[in-house]
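*Asks:* Chain by chain, the residues:
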Amino acid sequence: MDVLSLLAHGFSVALTPLNLFLAFAGAFLGTLIGALPGIGPVNGVAILIPIAYALKLPPESALILLAGVYYGAEYGGRIASILLNVPGDAGAVITTLDGYPMAQKGKAGEALALSAISSFIGGTLAVIGLTLFAPYLAEWAIKFGPAEYFALMVFAFTTLASLAGKNPVKALIASVFGLMLATVGIDPGSGVPRFTFGEMKLYDGVDFLVVAIGLFAISEVLTLMEHSYLGTAQRIKVQTKLVSMKTFMASLWSILRSSLIGFFIGVLPGAGASIASAVAYTTEKRLVDHEGTFGTGDPRGVAAPEAANNAASGGAMVPMLTLGVPGSGTTAVLLGALMMFNVTPGPLIFQQRPEIVWGLIASMYIGNVMLLVLNLPLVGLFARILTIPRWFLVPAIAALSFIGVYAVNNSAFDLLFMTGIGVVGYLMRKAGFPLAPVILGLVLGRLMEVNLRRALAISGGDWSILYASPLSKALWALALLSLLFPYLTGFFGSRRRPPDV
Amino acid sequence: MKRFWLHGVLALAIGLFASASAYTPGNVECIAPANPGGGWDFTCRSGGKLLYDLGIVSRPVKVTNMPGGGGGVAFAHVVTQRKGNPNILVAASPATTLRLAQGKYGNFTANDVRWVAAIGADFGVIAVKADAPWKTLDDLIADIKKDPSKIAIGGGSSVGGQDHMKVLLLAKAAGIDPKALKYVPFDGGGEALTAMLGGFVQVFPGDASETIGQMQAGKIRILAVLSEKRLSGDFADIPTARELGYDAVWAVWRGFYMPPGVSDDAYNFWVQAMKKVADSPEWAKMRDESGLAPFYKGGADFDAFIKKQVADFRELSKALGLIK
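Order-wise, the sequence lines are chains A and B. Just so you know, the first sequence maps onto residues 676 to 1176 in the numbering used here. Just so you know, the second sequence maps onto residues 8 to 331 in the numbering used here.
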């Protein structure tokens, strides 16, 4: 059978009334779960597994419900990022960089609508990629060994330089702070705890989400309180107009490029939505930000990370379905759910259980359309969150952040840690340090370290393994190109400029 | 008079009934000391589901994920804050006993909690890629003996963790210096398996349940299972390491412990309950589907097993230079 007839079979599974309803329910719940800070797709899916089990759903229906929650949450994550500067989940951290300034300028409706459309395009392109190329992509993902991952992380780090903005030294200090946080925890290479001060709760390292919520949400709460106290708070105009065709067309290429970047990074089991959105954003900033408007509310800066993180969540399905290896935390939970439903994930799942795989893929097409239809009319409603008076909004953000972070690990220690990081974040803001490099330093730092050490353990300490394969050579070349890019454009740019006479 | 007798008998009956089940479960909570998706999470979710399905508890079991410190956070939490609470079960496995043995849970020891029962077990396997030159375990061991630095072993646990221990045990049994082995730690068995499929490492010392999918697809070859007897189903044709002359067994049992200070009534109730779960056809089905083998130990039996395992692991870790 060719792909189309298999997909048609998948649609016949996905279009049964029950599955259609479950896809809708999953997408709707996912949007809500994603919109709440802290509670992201991982927790959302984990919460729903026992419910799916208790309802005695057949495996394909359960998976459709759970996958709906997964990509629904990736959609929903952006809402709090844009409106409140509080990332709803890991993939939405970067969305705050331009989303929040847009909302502050009174363009909340536009930002929400554009990000919904970007999410739709990213998600749909990823499903198309999954449908057509899954087996080939799996072969490609396998070619990524520790050395290749290390080179990829170095590349991601070089793109970070474009986040530096006006003060590169401050951005550098911020990313070093992130790198330092990344070293906390049990060292996998020796099994010895580092910088844990004997606190067992730090053995697994610093939780990315705890830092992200503390750094963004708590510091935002503190800043809002300061403005209220000093009477410098501004009234935000709320405009619920959807995105104009002109803005959309201006962002279209950014969306398409970011979808591709997000999808390919999502396919790799060792990377995820947060790295995908960061690389997409920084790449777009390099390529199209000629006026320096990124970071001040540029629509393209909202479109790029949203297209990328939704594409990445589709991409993460590739290793899960073809290799039985999760490409993200959420797919790890989905895998666990599959096993509870007597489905052995692995290379044979396409042959053994086509109704599950193709039903799932078909439901992802349907789910993406549903999410778009669901999200666009709600833009006005969401945007009105901004009209909530400060005296109610500020404590509400704080309460949601605390609940969300507590829900991740059931740990009161995390609440203290988040609060501490929040105060640090507030001071950093006051001193003009950018916050995003901290998050990226934390995410990239750990992956960079473990993969470097794995590579060197394999080669017995021989550094040449890092650039031995053609794939790693290509990634090093990309990294170099990315570092030199500003000089190159400057060079060519100055040649093109007509000589002053 | 008649009435007196009636009352007496009734009182006696009530008394007997009450002493037979002085404990009835309330809102039962199962703590999985890790994030959703792993083995401990599975133990809680499947065990909890069966407790409810079999009518042992009247309300669904609540599963709480409490990751941190490789189970140490949950262990410390239960010992210090849930003392005497008869409605708490915590999922455990050899990862728990191994860390207790290596002193990774701070000052806590295996004596700090009450060990209830194990209801099933996964077993370690030694896997290589399907196109690898080694057809048997003997081939592989001969090559490792020749030059241990040529063969990278990629496991899903950090140094000193379960996957590492499996190969150390095997090396010890084969007379290879365990310190000469080249062990590369990955984040979980899935990543290690992918690295082996990509040819970056040559050997994957995983668990039977992790490898079954790739084995069925013919992508990997399993040279030996680290069980006492051969496993059933797809693994029936694969020899045990013991059969091949290497005394290495790694049973990844799945079980539960309870907080300290729980009454004997409650403890015995849960030991009986887990026996019911382990013997039920529903569990047999779920167990087989997730690649686990039958394995039951409960009550005093299980407690003795745990204490011995911790002592053995401590001795082994010392001999291998993992702890002082």
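Treat the hints as calculated values from the structure; they're not laboratory data. Mixed in with the good hints there might be a few duds.
Not everything, but these chain A residues come out facing chain B in the computed CB check (under 7 Å) [unchecked claim]:
1. Pro944
2. Thr958
3. Gly999
4. Met1014
5. Pro1022
6. Leu1127
7. Arg1129
8. Leu1131
9. Ile1133
The list that follows gives simulated cross-link-like pairs (lysine to aspartate or glutamate, EDC-like), each with its CA atoms no further than 16 Å apart [as the list claims (entries may be wrong)]:
10. A/Lys731 / B/Asp60
11. B/Lys142 / B/Asp244
12. B/Lys157 / B/Asp184
13. B/Lys136 / A/Glu814
14. A/Lys731 / B/Glu289
15. B/Lys157 / A/Asp1137
16. B/Lys236 / B/Asp254
Backbone N, C-alpha and C define an ideal beta-carbon position, used for all residues, glycine too.
*Asks:* Now tell me, hint by hint, if it's right for this structure.
*Replies:* So, going through the hints one by one against the coordinates:
1. Pro944: holds (6 Å)
2. Thr958: Nearest chain B Cβ about 26 Å off; hint violated.
3. Gly999: holds (5 Å)
4. Met1014: holds (5 Å)
5. Pro1022: Check passed: Cβ of A/Pro1022 comes within 4 Å of chain B, closer than 7 Å.
6. Leu1127: Violated: closest Cβ of chain B sits about 12 Å from A/Leu1127, beyond 7 Å.
7. Arg1129: holds (5 Å)
8. Leu1131: violated (10 Å)
9. Ile1133: Result: holds, 5 Å to nearest chain B Cβ.
10. A/Lys731 / B/Asp60: OK: A/Lys731 and B/Asp60 at ~12 Å, within 16 Å.
11. B/Lys142 / B/Asp244: holds (14 Å)
12. B/Lys157 / B/Asp184: Judged against 16 Å, a Cα distance of about 15 Å means the pair holds.
13. B/Lys136 / A/Glu814: Given that 16 Å is the threshold and the Cα spacing comes to 15 Å, the pair holds.
14. A/Lys731 / B/Glu289: The hint holds at about 14 Å.
15. B/Lys157 / A/Asp1137: holds (13 Å)
16. B/Lys236 / B/Asp254: Holds: B/Lys236 and B/Asp254 sit about 12 Å apart, inside 16 Å.
Taken one by one, the earlier hints fail for this structure at numbers 2, 6 and 8, listed in ascending order.
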